[in-house]
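*Asks:* Now for the letters of each chain:
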Amino acid sequence: MKFLSRLFNRRIDRRIADYQSELLETHYREVENMYAKMRAWRHDYRNHIQALKVLAANGDNEGLREYLDKLDTDLNTVDLVVKTGNAMADAILNSKISLAKSKGIEVVEDAQIPVKLKMSEIDLCRIIGNLFDNAIDASMELPAEKRLIRVYMDMKGTQLYISFTNFTAVGKRRKVGGLFKTTKGEGHGFGLVSMDAIVERLDGYLSRNSEDGAFTTEILIPQV
Amino acid sequence: MTYRVAICDDDEMDSSYVKACLCSWASSRKANVVVDVFPSAESFLFKNDGGGGYDILLLDIEMGLMDGVELARRVRANDKAVQIVFITGYSDYISEGYDVEALHYLMKPVKESKLFEVLDKAASKVQGNARVLTLELGGGIVRVPIYEVQYLEVYGNYVTIHANQDIVVKKTLAEFEKELGEGFYRIGRSYIVNLKMVRRVTKSQVLLANGKALSIPRGAYETLNRAIIMQG
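Chains A and B supply the protein sequences, listed in that same order.
Residues in the first sequence are numbered consecutively from 19, following the numbering used here.
Residues in the second sequence are numbered consecutively from 118, following the numbering used here.
These aren't lab readings, by the way, just hints derived from the structure by calculation.
All values reported here derive from a predicted model rather than from experimental measurement.
It cannot be assumed that every hint is accurate.
Derived CB-CB ranges, DEER-like [unchecked claim]:
1. 162(A) x 163(B): 42 to 52 Å
2. 339(B) x 230(A): 19 to 29 Å
3. 230(A) x 160(B): 49 to 59 Å
4. 162(A) x 312(B): 39 to 49 Å
5. 230(A) x 256(B): 55 to 65 Å
6. 146(B) x 116(A): 52 to 62 Å
7. 241(B) x 79(A): 46 to 56 Å
Backbone N, C-alpha and C define an ideal beta-carbon position, used for all residues, glycine too.
Assemble the whole structure, with the sequences as input and the hints as a guide.
*Replies:* Given below as structure tokens:
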């Protein structure tokens, strides 16, 4: 019996690890992709200026206008929707926001953190990624016109503050043993556990609140 | 109320835009502002050696030789009360600016409504900073600026105010709690902490900016963190 339960626990541990690494890998791929685009743009910047100067020197107004229009379109594909000032936060937020939008979820964000955070990028990535994934999953149970995620990030003194709100189909949710239970059935809810573990390891604070069809998670993480 | 404000930005278009926003903020709030504009950190320091005595600084981060964070650090060394707001363009890397205790970071292009919000917050902090604790000691009266206070600690009928120096007076913690008001938080029977000084809260302790760790009772972890979130 003991052997069986140990085996079972080990299998769960492995599944948590698999889930996490899979999640991270996806996030990093999205991040890298965005940076590659940005680097390419920077690299070409001088060439573009040079080309524009030549057109201007030749008095080719038509050519100038065409070139600028082309650049504008090109830039739009690189330009980030969200600029918090923190590169990693930007990347993860932007990739998750475009994922949410592709699922017909409206995202309202107000995020400003142009300081270098002390916490590791992996932890930040995991926390924001998990918050978004959970909020997206919950939103999908609602009709498209009711899907809305609110993201707020700011510094509270020297601590990073993150607040996520999504609307839910179910009413007020009850806690079981001081915890909100996952609604995704057995074998899910790893995201919730891992987020709690990261926040606890960093001496942070995490609060979940479910009220009137809205679910809010608030997090404080010390940076000093 | 008149606010002394300095804008420091190497981009003239940006600084004149911020100046225009600042002036329309002042007229909408019926406040007076005296504005100085500097094109570099060096020119600011050349004119204002000891910090300049400004109420609010609006600083660009990426400037020529010395950046806005370093400028803020130099001013902060002499002036604990000034409200520092960074206004910055996008960058892959922005240096750590925790030690200068900035009020806020704004991204360019700055929305007027967002700048108004931050100026409101700065103005109320400036007014708050003018507040002092007036303490009666045996020999006379001591005035301690409220922003210097780290925490207060009760011992019998006495309270110790831990600020730049420690001052002991005969008074109750409840009286201080009422006098200090917003921005301060009472922990159990023994302490009142300045929320601005809190660096982290663990389940059993609160760590302050001066390195001091205070034990907190069960239940305070939740309420103290809520207070930090609410003080904005």
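*Asks:* Could you run down the list of hints and mark each one as holding or not?
*Replies:* A quick look at each hint next to the structure:
A C-beta distance of roughly 59 Å is found between residue 162(A) and residue 163(B), which places it outside the suggested range of 42 to 52 Å. For the hinted restraint 19 to 29 Å between residue 339(B) and residue 230(A), the CB-CB distance of approximately 22 Å keeps it satisfied. Under the hint 49 to 59 Å, the C-beta atoms of residue 230(A) and residue 160(B), about 54 Å apart, fit the expected range. Distance hint check: the CB atoms of residue 162(A) and residue 312(B) are about 41 Å apart, consistent with the given range 39 to 49 Å.
For residue 230(A) and residue 256(B), the hinted distance range of 55 to 65 Å is satisfied, since their beta carbons lie about 58 Å from each other. Here the CB-CB span from residue 146(B) to residue 116(A) is close to 39 Å, at odds with the stated 52 to 62 Å. The hint said 46 to 56 Å for the Cβ distance between residue 241(B) and residue 79(A), and at roughly 52 Å that hint holds.
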